[in-house]
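Listed in order, the protein sequences are those of chains S and C.
Everything in the first sequence is counted per the working numbering, starting at 1 for the first residue and increasing by one.
Everything in the second sequence is counted per the working numbering, starting at 1 for the first residue and increasing by one.
It is possible that some hints are incorrect.
Unchecked claim - Reference listing, derived: stretches of chain C covered by chain S, where coverage requires no fewer than 3 residues with Cβ under 8 angstroms from a Cβ of chain S:
(1) 57 to 65
(2) 105 to 111
(3) 134 to 144
Unchecked claim - Capping the alpha-carbon separation at 20 angstroms, the derived lysine-lysine pairs in PhoX-like fashion look like this:
(4) K186/S to K231/S
(5) K141/C to K25/S
(6) K157/S to K25/S
(7) K111/C to K157/S
(8) K279/C to K18/C
(9) K312/S to K217/S
(10) K300/S to K116/S
(11) K142/C to K21/C
(12) K46/S to K18/C
(13) K171/C to K142/C
(14) K18/C to K95/C
(15) K308/S to K298/S
(16) K21/C to K189/C
(17) K111/C to K25/S
(18) K25/S to K138/C
Claimed, not checked - Over the 12 angstroms line for every Cβ pair with chain C, so calculated as not near, a few chain S residues:
(19) V28
(20) Q91
(21) V189
(22) K240
(23) A247
(24) I256
(25) E288
(26) P292
(27) K298
Honestly, the hints are just simulated from the structure, not real lab data.
A virtual CB, placed ideally from N, CA and C, is assigned to each residue, including glycine.
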Amino acid sequence: MSQKVMVNPRNSYGEALVELGKKNKNIVVLDADLSKSTKTIMFAKKYPERFFEMGIAEANMISTAAGLASCGKLPFVSTFAVFATGRVYDQIRMDIAYSNANVKIFATHGGISVGKDGASHQMIEDIALMRVMPNMTVLAPSDATQTGKIVHLMAEKFGPMYARIGRANAPLIYSKKDLEDLKIGKGIVVEDGSDITIVSTGTMVEPALDARKELLKEGIKARVIDMHTIKPLDVALIKKSCKDTNAIITAEEHSIVGGLGAAVAEILADNNINTKFIRMGVKDIFCESGEPSDLLEKYKLNTKYMVKNAKKLLS
Amino acid sequence: MSDFDEKEINELKLKAIKARKHIIEMLYQAKSGHPGGSLSAVDAIISLYFAHMNHNPKKPFWPDRDRFILSKGHAAPALYSVLAESGYFDVRELKKLRQINCMLQGHPVCKHIPGVEASTGSLGHGLSFGVGVALAGKLDKKDYRVYVMLGDGETNEGQVWEAAAVASHYKLDNLIAMIDRNYLQIDGKTEDVLRLEPVKDRWKAFGWKVFEIDGHNFSEILKTLNDATNIQNRPALIILNTIKGKGISFMENNVDFHGVPPNEMERNLAIEELTLAEKKLEEAI
Chain S
1 MSQKVMVNPR NSYGEALVEL GKKNKNIVVL DADLSKSTKT IMFAKKYPER
51 FFEMGIAEAN MISTAAGLAS CGKLPFVSTF AVFATGRVYD QIRMDIAYSN
101 ANVKIFATHG GISVGKDGAS HQMIEDIALM RVMPNMTVLA PSDATQTGKI
151 VHLMAEKFGP MYARIGRANA PLIYSKKDLE DLKIGKGIVV EDGSDITIVS
201 TGTMVEPALD ARKELLKEGI KARVIDMHTI KPLDVALIKK SCKDTNAIIT
251 AEEHSIVGGL GAAVAEILAD NNINTKFIRM GVKDIFCESG EPSDLLEKYK
301 LNTKYMVKNA KKLLS
Chain C
1 MSDFDEKEIN ELKLKAIKAR KHIIEMLYQA KSGHPGGSLS AVDAIISLYF
51 AHMNHNPKKP FWPDRDRFIL SKGHAAPALY SVLAESGYFD VRELKKLRQI
101 NCMLQGHPVC KHIPGVEAST GSLGHGLSFG VGVALAGKLD KKDYRVYVML
151 GDGETNEGQV WEAAAVASHY KLDNLIAMID RNYLQIDGKT EDVLRLEPVK
201 DRWKAFGWKV FEIDGHNFSE ILKTLNDATN IQNRPALIIL NTIKGKGISF
251 MENNVDFHGV PPNEMERNLA IEELTLAEKK LEEAI
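For reference, chain S alone in the conformation it holds in the complex (with noise of 0.2 angstroms):
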């Protein structure tokens, strides 16, 4: 097995904002003190007229970004994705979601993969809290070339947006060619199969990558599908690996409470589509601090269970 390049998203998206930065006068960038964390800073040190470092003050950093929004600046705010949307939900409802307003909120540290820090610092609820708000279209790339992709489309695209991603180094999955038409609300398939379909978002496509390879030794043949866009969620796709395969698995790392695997749950219901299905992610229980490897381990979200869900779905 070929080593895998590990690359941090985190640079990905620092490095994508310098290049906005450059191309776009009105891109404006926020942080509340952790802008060595979010990678942040890359541009605070390019442009440093244009970012506004507003301390540990969340909510006022919010509204403010609608505010700069209203003037026709384009603001990315980021910080930790626990304080980027649960501790500021109403600031983003009113002053971002209800108003429309053209502000970007790029969080990092989504996930049980933070490790260490333990369940604060582990959101597992923010796909969910984004989910519900109206106007809102909430993002998780999933490896470093897609993560700067995906801020460039966010800052192409008019309207209010949430994208997480990991902490840690993710292996690489894409070139930059092979993401040249990536849409935002377009899933890709990475690999194909006609037995049973793995929807994966974020940090989870790289597992569900390797679980295919360990399915395909047993004779299984899995689709993998890369749900960028949790919202709004390539319906279409859903429907089609629903008909072309015969189960459906999803993984995010996140709550299977209001996630990813509950959108594709609702378009199960609401369509009468009768399929085998396993929702992977975060059983509605906060977690605790370790390694991010042995957490996943532990509440079972590697490829190891996806592999296990997989056979138990097609026996």
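Go by the hints and put chain C onto chain S.
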């Protein structure tokens, strides 16, 4: 004492009576809404739109306009009546406040209602929004000013103090906040619900230039707006000492009219009082 033309002040007074009539009618028709805080805030809003701000009702998105943000969104009737009288939209819309399929929502919504800059109603957001507008103004080297009106009870919200700190940190001298200091909030007196005093010292400690005036005295309001506009290197706050329910005898300082509209009898009485005041003023002019 007035630096302003008496005629101009009298015109503002007449406009304020007219706006109060609108407020009473709107709330009576809507059968819901907030009279008290609308009536206390309206004189300052009148002053801004008719005698101070640089704005053009025909071009609500003119990039160089001064902005007014009503952070205490429940005073929407005051804002709507002034916007309508300024020409942002048809005055006939006012009576359709809070009705289904109509433009005027219970609380202000930007983009949907001409002249409304920010969607408010959840308290504590407006000053932060204003900080964003002020930062954009600095970045673009524009001369516009941002005026934000907060309720006094609203400053219970922690976000207000986040914004106060940030505005001062960034030396936003293009940002002018106003507190409608009517001393009442839903559950009672502001000092009983959650003590606000010393209001002046708190804001001073945050680095703001603070003015305190009679929020129903037009010449004081206009003079202070001018002074506040000329402050350099820091944001300014104007504490408007006001009377909740101002202008309607039985609503003044009566917390029961915070969020309860007038019934038919109360509406008739209120309109009668306002008409009388209007007549008196016209005779005096």
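>> Please check whether the beta-carbon of E288/S is more than 12 angstroms away from every beta-carbon in chain C.
In response: The assertion about E288/S holds, with a minimum of 30 angstroms to chain C.
>> Hinted pair, alpha-carbon criterion (20 angstroms max): K142/C, K21/C. Please report holds or violated.
In response: Violated, at about 37 angstroms.
>> Please verify that the nearest CB of chain C lies beyond 12 angstroms from A247/S's CB.
In response: holds, 44 angstroms
> Between K111/C and K25/S, does the CA-CA distance stay at or below 20 angstroms?
Replying inline: Not satisfied, since the Cα-Cα distance of roughly 24 angstroms exceeds 20 angstroms.
>> Verify this label for me: I256/S is non-interface relative to chain C, using a Cβ-Cβ cutoff of 12 angstroms.
In response: holds, 30 angstroms
> Taking a Cβ-Cβ distance under 8 angstroms as contact, does the region 105 to 111 of chain C have three or more residues in contact with chain S?
Replying inline: It holds, with 3 qualifying residues against the three required.
> Against chain C, does K240/S keep a CB gap of more than 12 angstroms to every residue?
Replying inline: holds, 37 angstroms
> Is it true that the CA of K46/S sits at most 20 angstroms from the CA of K18/C?
Replying inline: Judged against 20 angstroms, a Cα distance of about 53 angstroms means the pair is violated.
> Holds or violated: are the alpha carbons of K300/S and K116/S at most 20 angstroms from each other?
Replying inline: Satisfied, since the Cα-Cα distance of roughly 17 angstroms is no more than 20 angstroms.
>> Next pair to validate is K18/C with K95/C; report whether the Cα-Cα distance is within 20 angstroms.
In response: holds, 14 angstroms
> Does the alpha-carbon distance linking K308/S and K298/S stay inside the 20 angstroms limit?
Replying inline: Holds - the C-alpha atoms of K298/S and K308/S are around 14 angstroms apart, at most 20 angstroms.
> CA of K312/S to CA of K217/S, is that 20 angstroms or under?
Replying inline: holds, 16 angstroms
The structure does not agree with the numbered hints 1, 11, 12, 16, 17, 19 and 20 stated previously, though it agrees with the rest.
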